[in-house]
Amino acid sequence: MNTVDPAKARHDRIERLRGDRRLLAGAILASAVTLVCGFFAGHGFGDLVEQFRTMAIDSVFDDRGDGAPPYGPLWGTFGLLGCLASGNLAAAAMRRYQGRSSGPAFPVVAAFAASTLGLWCSSRDWLPPLAVGTAVDPVFHEDEKWGLWAWFLYYADWWAPAFLSALTMLALWYAVQVSRRHAETARTREWLLRHGRRVPAGIVEVKLRLAGDESGTRVAGANVTVVFTDGAGVRHWVTRRTRDTTIVTAEVLFDPASPADDKKIFVAFRRHPALSDWLPAR
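Position 144 of the sequence shown, counting from 1, maps to 144 under my numbering, and the rest follow consecutively.
Derived by calculation from the structure, the hints in this document are not laboratory data.
Careful, some of the hints might be misleading.
[Said to hold, decoys possible] Okay, derived cross-link-like pairs now, EDC-like style, lysine to aspartate or glutamate, Cα gap no bigger than 16 Å in a straight line:
| hint | residue 1 | residue 2 |
| --- | --- | --- |
| 1 | 263 | 142 |
| 2 | 264 | 142 |
| 3 | 264 | 244 |
| 4 | 207 | 244 |
[As the list claims (entries may be wrong)] Label pairs and their computed distance ranges (CB to CB):
| hint | residue 1 | residue 2 | range |
| --- | --- | --- | --- |
| 5 | 249 | 81 | 36 to 42 Å |
| 6 | 220 | 125 | 40 to 46 Å |
| 7 | 85 | 194 | 34 to 40 Å |
| 8 | 207 | 12 | 42 to 48 Å |
We treat Cβ as the ideally placed atom computed from N, Cα and C, and that holds for glycine.
All chains, full assembly: derive it from the sequences and hints.
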């Protein structure tokens with residue numbers, strides 16, 4: 001038998017973790033690992049591109065690079081897996097540290113930036129062709145002129161890093177937008193927790209969201225519609241997305257001065273909701 005309300009215990013546990021410097025240190029360490037793994041992933045990808053480039057611009061009888069063991073793509077694979085794992089750890093640590101409902105996007109930027117650097121470093125060491133514009137056959141001397149594909153891969157040492165740089169800039173722009181949106185949401189939520197009004201809400205509809213994979217179809221979350229009554233007796237309906245699938249209660253936090261403003265309405269589907277349990281409009 002337990003004498004402590006599980007919902008209250010969960011709330012206290014989450015709130016204790018919010019602002020914990022150990023989580024911040026873990027996020028910084030995981031981000032550093034993401035950078036290192038991202039570099040190896042980019043370098044390994046560059047070595048793989050070099051193999052295709054060499055096959056396109058040189059003859060199969062050109063054996064200049066045959067003595068080098070193909071460890072680059074293997075390390076790149078390990079780097080990619082490590083990048084995914086450490087990036088998710090960094091995002092999860094910051095999510096708990098900041099008390100937010102979703103992880104930040106900055107690990108994606110770190111991974112792309114490090115991969116770009118790794119690819120660029122790899123491309124500086126790519127094997128040059130025996131002759132630009134011709135696949136030289138050093139054995140039978142049956143040389144072939146380059147086609148469009150060979151020319152395309154010949155310049156891969158420039159366009160491949162440039163392409164990853166563009167992806168890095170897009171990821172940075174996305175991360176900045178997400179960070180700004182989260183900061184604005186956090187300010188609104190904290191203001192409402194001090195000056196807003198909390199009322200119980202009725203659950204009107206629960207639509208489960210399904211996702212499929214190799215193992216079959218599974219429930220990925222739910223779209224929940226609730227109804228609440230403001231101070232003037234007017235009823236309002238709002239819908240929120242949640243990963244929870246067992247919805248038994250709902251509570252609404254809103255601004256009494258503008259109860260119809262969806263951006264100032266937060267919904268929680270747990271008793272004793274923690275800060276991250278208040279779901280904003282999307």
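**Item:** Pair hint residue 264 and residue 142, alpha-carbon separation not exceeding 16 Å
**Value:** violated (73 Å)
**Prompt:** Does the alpha-carbon distance linking residue 264 and residue 244 stay inside the 16 Å limit?
**Reply:** violated (22 Å)
**Cβ distance range 42 to 48 Å for residue 207 and residue 12, holds or violated** = violated (32 Å)
**Request:** Indicate whether the distance between the beta carbons of residue 85 and residue 194 respects the range 34 to 40 Å.
**Result:** Distance hint for residue 85, residue 194 holds at roughly 39 Å.
**Prompt:** Should the hint that residue 220 and residue 125 are 40 to 46 Å apart at their CB atoms be regarded as holding?
**Reply:** Holds, since residue 220 and residue 125 (Cβ atoms, about 44 Å apart) stay within the stated range.
**Asked** Between residue 263 and residue 142, does the CA-CA distance stay at or below 16 Å?
**Response** violated (70 Å)
**Asked** residue 207 and residue 244: Cα distance at most 16 Å?
**Response** Holds, because 11 Å separates the two Cα atoms, which is no more than 16 Å.
**Request:** Using the beta carbons of residue 249 and residue 81, state whether their distance is inside 36 to 42 Å or not.
**Result:** holds (40 Å)
Comparing the model with each earlier hint shows violations of hints 1, 2, 3 and 8; every other hint is respected.
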